[in-house]
Structures are given as structure tokens and as C-alpha cells.
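> Quick note, the sequences are listed as chains Y and V, same order. Reading the first sequence from the start, the letters are residues 1 to 455 in the UniProt record's numbering. Reading the second sequence from the start, the letters are residues 1 to 455 in the UniProt record's numbering.
Just so you know, these hints were derived from the structure itself, not from any lab. Please note that the accuracy of each hint is not assured.
Stated by the list, open to error - Pairs of lysine-lysine residues, derived as DSSO-like cross-links and limited to a Cα-Cα distance of at most 30 Å, are as follows:
#1 Lys-167(Y) with Lys-201(Y)
#2 Lys-156(V) with Lys-156(Y)
#3 Lys-131(V) with Lys-171(V)
#4 Lys-156(V) with Lys-171(Y)
#5 Lys-167(V) with Lys-131(V)
#6 Lys-167(Y) with Lys-156(V)
#7 Lys-171(Y) with Lys-201(Y)
#8 Lys-201(Y) with Lys-156(Y)
#9 Lys-171(V) with Lys-156(V)
#10 Lys-171(Y) with Lys-171(V)
#11 Lys-201(Y) with Lys-156(V)
#12 Lys-167(Y) with Lys-201(V)
#13 Lys-167(V) with Lys-156(V)
#14 Lys-171(Y) with Lys-201(V)
#15 Lys-167(V) with Lys-156(Y)
#16 Lys-156(Y) with Lys-171(Y)
#17 Lys-201(V) with Lys-156(V)
#18 Lys-201(V) with Lys-171(V)
#19 Lys-131(Y) with Lys-171(Y)
#20 Lys-167(Y) with Lys-156(Y)
#21 Lys-201(V) with Lys-167(V)
#22 Lys-171(V) with Lys-156(Y)
#23 Lys-201(V) with Lys-156(Y)
#24 Lys-167(Y) with Lys-131(Y)
#25 Lys-201(Y) with Lys-167(V)
#26 Lys-201(Y) with Lys-201(V)
#27 Lys-171(V) with Lys-201(Y)
2 protein chains.
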Amino acid sequence: MDTAQLPTTDEAREQLLDALEHPDTGQLPALIARWHPALIADAVEALPRDMRHTLWDRLDAIDRGQVLIEVGRGVRQQLIDEAAQDELLAALATLEMDELADLDADLPVSVLDAMVRAMDVQRRERYERVKRYPDDTAGGLMDVDAAAVRGDVSLKAVLRYLRQVRKRDGKLPEHMDSLVVVDRQNRYLGMLRLSDLVSHKSTAIVSHLMDAEAPAIQVGTPDTRVARLFEDRDLMSAAVVDDDGHLLGRITIDDVVDVMRAEADGEVMRRAGLGEDTDMFAPVLSNAARRAVWLGVNLINAFVAAWVIGLFEASIDQVVALAVLMPVVASMGGVAGNQTLTLVTRAIALDQIGRGNAMALLFREVASGLLNGAFWAIVVAVVATAWFGNTQLGIVFGCALLINLITGATAGTLVPLLLERLGIDPALAGGVLLTAATDVVGFFSFLGLATLFLL
Amino acid sequence: MDTAQLPTTDEAREQLLDALEHPDTGQLPALIARWHPALIADAVEALPRDMRHTLWDRLDAIDRGQVLIEVGRGVRQQLIDEAAQDELLAALATLEMDELADLDADLPVSVLDAMVRAMDVQRRERYERVKRYPDDTAGGLMDVDAAAVRGDVSLKAVLRYLRQVRKRDGKLPEHMDSLVVVDRQNRYLGMLRLSDLVSHKSTAIVSHLMDAEAPAIQVGTPDTRVARLFEDRDLMSAAVVDDDGHLLGRITIDDVVDVMRAEADGEVMRRAGLGEDTDMFAPVLSNAARRAVWLGVNLINAFVAAWVIGLFEASIDQVVALAVLMPVVASMGGVAGNQTLTLVTRAIALDQIGRGNAMALLFREVASGLLNGAFWAIVVAVVATAWFGNTQLGIVFGCALLINLITGATAGTLVPLLLERLGIDPALAGGVLLTAATDVVGFFSFLGLATLFLL
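All chains should be built: construct the whole structure from the sequences, respecting the hints.
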């Protein structure tokens, strides 16, 4: 099987839709059997809402479990709401512990209760161990079924142990590129790569071959920091330990990839005031209601700017050209400020700004705003002078633009730093506050200067 | 070693800066030895430009090579420009083929020539094999040093082969969780997981144990599609094949993680008209020059909006309240449109929109715009009526807002779809075009309606 045979999401959606609309052709079971659940999940997200449940009805418990894991939260909520409780319980029973921990927040309490009651003792104990840690920490990401070996044994003993595990469980833990090495007290020592295990003499001792430099992760580490660590170190898996270094579990890169994707998607979506996992085909009413809040926040912003303009009604009444040009000043400040805001927000996310270099950054951004402000001030002054035949108006226009580009650079740097200090997500609130600053200063400086020098 | 001892980027930067500024304490060598090159690279990005080269001088060739790989392109260019040619060549000689292929586009031709001339025959041949494929395809991502085994041999033979490889090369390829299985003609058959290799009898035959369902990737597949495939399938590694299924190389997840990060960062940065790898501390002048282009594009936009306002100078002259309220209409349309634009741009990137559901999406977005438009139209009509004591003005204001929210929804859906069809990146150009639409329609509808009904 190669990618030439793998349809894109859009092709998959069309094929599924076709098969769902013509059930008599019997195509659907063949498609479902051939496709990976992740592809089905992608297609489900792109299906109209009313077709999603029709497809769900045709899936088996294993595929249903995987689809629940793979779809975004908005779509997941719909599937959960529309499924019968016994269908859900059967699907949930097919999931691994760390998968279950990812979605149980979306389950109704009654299903959650029934699910835990249906678990055997071992599974319930493992589930409770995973649930002890918040979802957005290393503890929430880790798999507690880590295969660990002792440092003082030979490779031969390790191989024997792995064969036993495989016979007992029918398989080894997924995505295993290395084994965690611990001492007699279950304290973390290092990682033994499988590639070393298979290419050395079986009499060699684990602790001599293991990578003692491989980092272990404290159970409380935030998931975004875990992702950064995996990315920077090119890790495939890492051990999770408590404060005393005792082994608690193992994180593999596939879990980390999901965190990275959610983090990246989340930033883009939050900037527009959308939830991370917005369902494209959510019901229009709930969709509209969710966006109304964001529009309301921005409306307050817009009215504040309007109030500033209102202060200068008399000036506009005398020189109508002011009304024509004032949005240019406001919008250019917003655009320039947004460039700085984006750069600084990203640097904060990458943890690259601290007390030591914030001032240097502010200075550079303001200098850059000054240069661009001076250049474009001359351009707009010339244009406005030619347009309205009024040199003084041109000069005032240019000065206001210069002031507002510097305002954009200053606010673009300080707003995200301040929000970060206050514990507010700069990606969510940064744009609104920046626009407020550049609108108010833009209108005030242009109309204010005009009132002083033109009237 | 655990994360409690791993400083954040910001802490690392401060410690490095301290060590660089007080060379007599001798702290620097200890820090460099203790830290992973990735952490040093992160810190380099956050260092002021003049300190970067001072640090570079204190690194050995291996660390220099890794830092070059890990830093963003802007910072990389500075390091390359300031380094002596022999330093660069020594650093480049420490890199793997796929790493070299990632950065050679940034090297001056003279260095590139000298580098290739210094390679031994085997290394040069491998380099040329990698260079045959564009950087942004599976071929550009793959490592050609893949360890492949034949399907018809026993596990014992595989183990013997791996031991030979390790003795010959001193190590096995990095990040190996599985081996590629091929037939006598080097055609791809499947993947043999190391965890299966270590947990089965050594007399078992490879083709019985291998995962024949593991997808192979066509060499020309775009890197973003490769990333999506790894993410959806939870892959750790995959074989890369030509059109006839012959094995060419292997992609491991650490390469894919870099693609994902670049993709995510790129989208956020391009939305603000910034390059993907903008250096926070680039020289102010080149920084300002790069942003000037984006500001110029937006200035044209702003002047088009100003021209629309200019058409109604006479109306504003009669009713100054129009000038006060008109930015509210334009900005609300922009905010609403940006929500739709973000949602649709993301869906396009996820390949979830096609001919089949674009109309349905447009309909939903417009319906949502209509609902929100109706609601906020009433709110602003009441506010404006109270503010200016003019009911007709309030009604015109509300109607214009409604029109512009629908415009935002329509443009937010159609602009990215159209750009995608034209092969233009919606993340780059979408925002500018959307703002043009909502500004022009916002000002025109409000001032036009006012001219018709108020004067």
C-alpha cells in the first residue's frame, strides 16, 4: 500500500458521501475496511452534520473509538450526543488509557460512570493513575504501560522479558523505539535503544549500553514544554518521573505531535476569536451565538474609536477631508502594530523574551516603526497634498501617520508582554487591545493635530 | 538528567549572556558541554546579534553544525555570513546528508563548491542522491542511509546484518524503530518493527512478521502531506519509494516534526506579512525595509477606502455624524470576515473543502453573518439613535452594518477559495483582500444609504 492509493480528505469525503447516498451499491463497507480510522475521521469532519451519524452507524466499535479520538472537539461532541450509550461504551472499551484520558472530559457523567463500572480492576487502576494528572501536563500525556528494565541485567534477560510480555499481552506497547532503564527502587537511569539491544552481544549489561543522557520529564511539566523538548532533542520517547525520579510512565512522539498540532491550530484560531476545535458545520445558531461575543468585544472597541472622532466633530465639519483621510492613519497603525504583535507573541511562545532583552526588542521595533513611519509619512503627505491641494493638511497627515506607526510598534511589543505577565493569552486578547490603541491614537493624533494647526 | 535541570530558553539566554560577558569565570565551556545544541540554538536566536558570533567562536565544529541546523533561516544567514570558510566547512562536514540538504540553499556558492570537493566519493554520491529531489517533498526529507532487509530471510540473519552494520559504521541509523523490508528487486514490501524483531524466535521469517499495511510514501509527495500522514497514522518512520515501488530512503518523525513546526509558524507569520523565519534581532534597517513592502500594499488598500469616502464628501459635510460612525461599520465587517477567513483558510490547509461542500459552507457562513448582523444592527441602531437623537441615522447605520457583516462572511469564504484556485497562499493575501472588501463595502453602503435617505 502506498500513498498513490491514499485519497486526500476531500476525495475521501466525496467517496464516502457517494457511498452513503447509494447504500445499495455496497461500497461503504469496502471503503471503511480499506481506510485508516484517521482518514475516516478527517472525512467525518468535512461531512455535513446529518450524514455524520449515518456513517457512525456503519462503523464497528474499534473504528468508532478511533474516530472519537481523531476528530476535533466540536465534531466529537456531536457524535457523543447522538450515539446510544451502549454504542459509546463499546467504542470506549477499545481505547488505550492515554486515549481515554484525552476524551473523557467530553463524556456525559452517566456514560463516564458506566464506563468505569464496566472496567476490570487492572484497567480501572490504570485509568485512575492516568487521571491523577491534568490533561495538559506530562502526566496527562503519558502512557502508564511503559516497559521498563533494570540496569544491572544482561541483554539476554531483557530479550527474555520482552518475549514474556508479548506472550502475556499478545503485543508490546506501541511505538517502542527504546526501553526505560530503572534501578531496584524504580528510579530512572536512562534509555536503552532497541537498535542497541539488537546489535550488541547478548551478554552485555544494560547500564553499559543505555543512553544515560536521555532526559526524563517531570510529571508536572506543561505539555507545550514537553513538545518543545521533543522537537529540540529529536526525541522519539521519554520517561516521565516524579519529583524523586521514580518512573511513572512514558511519553511517545505521536502524543506530542497531537499537542503541537493543537497548539499551532489554537493560536491561529484564537487570534480570530474562534475556539480551537470549531466545527465548520456546527448548527448556524450556535455558531452565530459563539461569534457574537467576539463581535461585541470589537464593537466596544469600535465605539471607543467613534467617540474619539466625535470629540472633533466641529473640526470635521470645517475640513471634510479629515474624514476622508483619518481611516488611513488608523489602519496603517494597526497593520504595522500587528506585525510587531505577531513577532513578539511568537517569541513569547518560544520563551525567547525575558526581562533581559525586552527593552532591546522594544527599542528595535520602535526604531523600525520610526523609519517606516518617516518614509510613508512623506509618501502620504505628498499624496494628500496633491489630492486636496493643501500642503498643511498633507504635513499633518504625515505626522499623524508617523505617530501612529510608532504607537503600533510600542503597543505591539508591550501589549503581549503585559498580557503574558497577567497570565492572559496574548494570541486571544492581543489583537483587540492593539487595535484599540492604534485606532484611538490614530484618530486622536490626526484630528488633534488638524484642530491645532489647520483651523 | 531531568527537566528540572533543563533551563528554559530565556534562562539559557541569560546564563549564556552572563558567561559571555564575564569570560574570566570560565563558565562558558561548562554550559556548552552540558547543554544540547538545540538549547544553544534557541538561546542564540534570543541573543543580540553582536553576541551571536562571540558565542559561535567558542563552539566546536559539531555544535556549530547542529546550531546551523536548528536556528531559523534569518539567524542562520547571519552566522554563515560572519563565519570563516574553513569554520563553515568543518561544521558542515559533521552533518548528516538530510541535514545538509536542509541548509545548503543558504550557503554561498564558493562554500558549497568547496564542501562538495572535500567529500569522499561515497558521501558525495549520497549527497547528490538527496539533492535530486526538491526540499519540500518526501525526497527532500528522506534519509538515504536506510537500513533495509529482505523479506525472505530469518530474524537471525537480520540480527547478524545489524551487528555488521554497527561494526562497520560504529552505529546504526538514528531514530530506528523499524526496518524497511524489500524484495530481491529492492521493491518495498513492508516494515519490520524492532519490537517484533526482539520478541520473536530468531528462526521466524521477516515477511511473516512485518507490517505489510505500513504505507510507503511516493518520493514526490509534498512535505505537508507527509506531515499529515505521519500525524494521522501515528507513524514513527516510513519508507520512501519511486513510482515503481523501489526503495529510495526513509523518513523519520523528527524530520516531520520540523515540517509541522515550520508550517504552523509560517501561517501565523505570513498572515502578518512577515517571513517564516524572521530574526527578532535583524538589523533595524533591513527589518524596516522588509516590512515597508507590506505597509505599502496595505496603504493602497487604505487609500482605496479613502477614495470611497471622498465620493461622499458632500454628504459628510451635511451630516458630520456619518464621519463618526463610518469606521464602526468598516471595522465590524472586517472582524466578522476575519473569523470566516480563518476558518476557511484552515479547512483548505486541512484539505477539507472541495467543490462538493464549498456552497454549503458559504451558505452557513452567510446565514451566520445574517443572524449576527441582524442582532448587532439593532444594538448599534439604538446606540446611534440615542447618541445623535436621529432615528433615521440609527436605521441607516444598522442596515449598513448588516450589509457589511454579510459581505465579511461572503468575502471570508470566497477570497481564500479563489486564492487557492489561483495558486496563491490564502494566509498571505487573504487578509488584505478581505479588508479591501469590507472597507469599501462598509463605507459605500453606510454613506450611500445615508445619501439616499438622510439628505
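> A separate judgement is required for each hint: does it hold in the structure or not?
Cross-check of the supplied hints:
| no. | hint | in the structure |
| --- | --- | --- |
| 1 | Lys-167(Y) with Lys-201(Y) | holds (24 Å) |
| 2 | Lys-156(V) with Lys-156(Y) | holds (15 Å) |
| 3 | Lys-131(V) with Lys-171(V) | holds (24 Å) |
| 4 | Lys-156(V) with Lys-171(Y) | holds (20 Å) |
| 5 | Lys-167(V) with Lys-131(V) | holds (28 Å) |
| 6 | Lys-167(Y) with Lys-156(V) | holds (20 Å) |
| 7 | Lys-171(Y) with Lys-201(Y) | holds (24 Å) |
| 8 | Lys-201(Y) with Lys-156(Y) | holds (9 Å) |
| 9 | Lys-171(V) with Lys-156(V) | holds (19 Å) |
| 10 | Lys-171(Y) with Lys-171(V) | holds (28 Å) |
| 11 | Lys-201(Y) with Lys-156(V) | holds (13 Å) |
| 12 | Lys-167(Y) with Lys-201(V) | holds (12 Å) |
| 13 | Lys-167(V) with Lys-156(V) | holds (17 Å) |
| 14 | Lys-171(Y) with Lys-201(V) | holds (14 Å) |
| 15 | Lys-167(V) with Lys-156(Y) | holds (20 Å) |
| 16 | Lys-156(Y) with Lys-171(Y) | holds (19 Å) |
| 17 | Lys-201(V) with Lys-156(V) | holds (9 Å) |
| 18 | Lys-201(V) with Lys-171(V) | holds (25 Å) |
| 19 | Lys-131(Y) with Lys-171(Y) | holds (24 Å) |
| 20 | Lys-167(Y) with Lys-156(Y) | holds (17 Å) |
| 21 | Lys-201(V) with Lys-167(V) | holds (24 Å) |
| 22 | Lys-171(V) with Lys-156(Y) | holds (20 Å) |
| 23 | Lys-201(V) with Lys-156(Y) | holds (13 Å) |
| 24 | Lys-167(Y) with Lys-131(Y) | holds (28 Å) |
| 25 | Lys-201(Y) with Lys-167(V) | holds (12 Å) |
| 26 | Lys-201(Y) with Lys-201(V) | holds (17 Å) |
| 27 | Lys-171(V) with Lys-201(Y) | holds (14 Å) |
Checked against the numbered hints given earlier, this structure breaks none of them.
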